[in-house]
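Number of protein chains: 2
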Amino acid sequence: MSTSTLARMNEPGDLARAFSEIWNGHDMDAFANLFTDDAQMVNVVGMWWHGRNEIGQVHKTLHSGPFSDSRLSIQAPAVQHLSSDIAAVHVPWRLSGQRNPDGTPDGDRDGILLLVAKRDGGDWRIAVAQNTDIVPGVAVPKAPG
Amino acid sequence: MSTSTLARMNEPGDLARAFSEIWNGHDMDAFANLFTDDAQMVNVVGMWWHGRNEIGQVHKTLHSGPFSDSRLSIQAPAVQHLSSDIAAVHVPWRLSGQRNPDGTPDGDRDGILLLVAKRDGGDWRIAVAQNTDIVPGVAVPKAPG
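Quick mapping for you: the protein sequence lines, in order, are chains B and S. Take 3 as the starting number for the first sequence in our numbering and just add one per residue. Take 3 as the starting number for the second sequence in our numbering and just add one per residue.
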């Protein structure tokens with residue numbers, strides 16, 4: 003496991019770096035610990051999770067399945083302070099090594115992860131996260147229906 | 003134009019209601035005015051806009067095209083205060099009446115809009131927005147590649 007899981011989150015951008023390092027180590031207890039107790043997360047297909055426990059459990063399942071060998075690489079996080087204790091962190095990412103339900107390798111995906119970080123005592127944690135896939139070449143999607 | 007465009011944004015949830023009312027009135031100057039000057043927005047296909055001016059301009063273009071007859075209906079916004087002056091607002095929505103590039107009607111879409119609201123003087127404004135389509139029946143997407 004990366005030492006970053008034990009590292010202090012001294013600034014909001016540390017959460018983005020820890021998010022990817024812990025993802026790639028697949029330690030979902032450490033992953034859950036990045037979030038506040040009452041954190042909320044919406045994933046790229048609009049699943050909406052409430053609380054650190056649910057976020058951790060769902061990611062344990064995903065990292066035992068399609069994400070078990072996945073690798074998340076991130077660009078430098080863009081940090082915007084909204085107050086001294088709250089910041090928005092935008093993290094462009096690429097996910098490689100995801101597997102299809104039948105176990106075959108899937109292609110890479112790119113996206114933008116938003117973390118709303120909150121200072122909790124000395125450390126920053128993720129209070130709200132929302133993730134969106136980048137679909138190149140369009141401004142609005144084709145409706146699924 | 004809806005009177006809500008002139009109304010005060012006394013609480014974070016007012017922004018969600020104004021967002022949909024103004025969307026449906028297609029007044030993108032009023033729409034832009036919901037945002038802080040340095041707001042950031044990521045749309046459902048991962049386009050990332052910086053600043054009220056860019057957000058307003060892009061939406062003027064979209065509401066002269068695929069969204070010109072679209073109607074956004076929202077469920078009750080879920081408001082979580084992160085501090086006295088900052089709140090996360092989750093807004094489940096349905097968009098009807100979008101048109102394809104060839105002008106034909108497109109199907110409905112559902113999604114979840116996250117607004118990070120900040121009190122700016124007496125009024126709340128949108129500091130950060132991120133939008134994600136709901137893709138039913140899957141936890142993770144099929145990669146586009």
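Rather than coming from a laboratory, the hints here were simulated on the basis of the structure. As the structure is a computational prediction, the values presented were derived from the model and not from experiment. Please note that the accuracy of each hint is not assured.
The list makes no distinction among identical chains, and a pair is therefore deemed to hold if it is satisfied within one copy or across any two copies.
Stated by the list, open to error - Under the rule of at most 16 Å between Cα atoms (straight-line distance), these lysine to aspartate or glutamate pairs were calculated in the EDC-like manner:
no., residue 1, residue 2
1, 62, 16
2, 144, 122
3, 62, 31
4, 144, 110
5, 62, 29
6, 144, 108
7, 62, 40
8, 62, 87
9, 144, 112
10, 144, 125
11, 144, 40
12, 62, 112
13, 62, 125
14, 144, 104
15, 62, 110
16, 62, 13
17, 144, 16
Checklist entry - What hints, given by number in increasing order, does this structure fail? => result Numbers 1, 2, 7, 8, 10, 11, 12, 13, 15, 16 and 17, in rising order.
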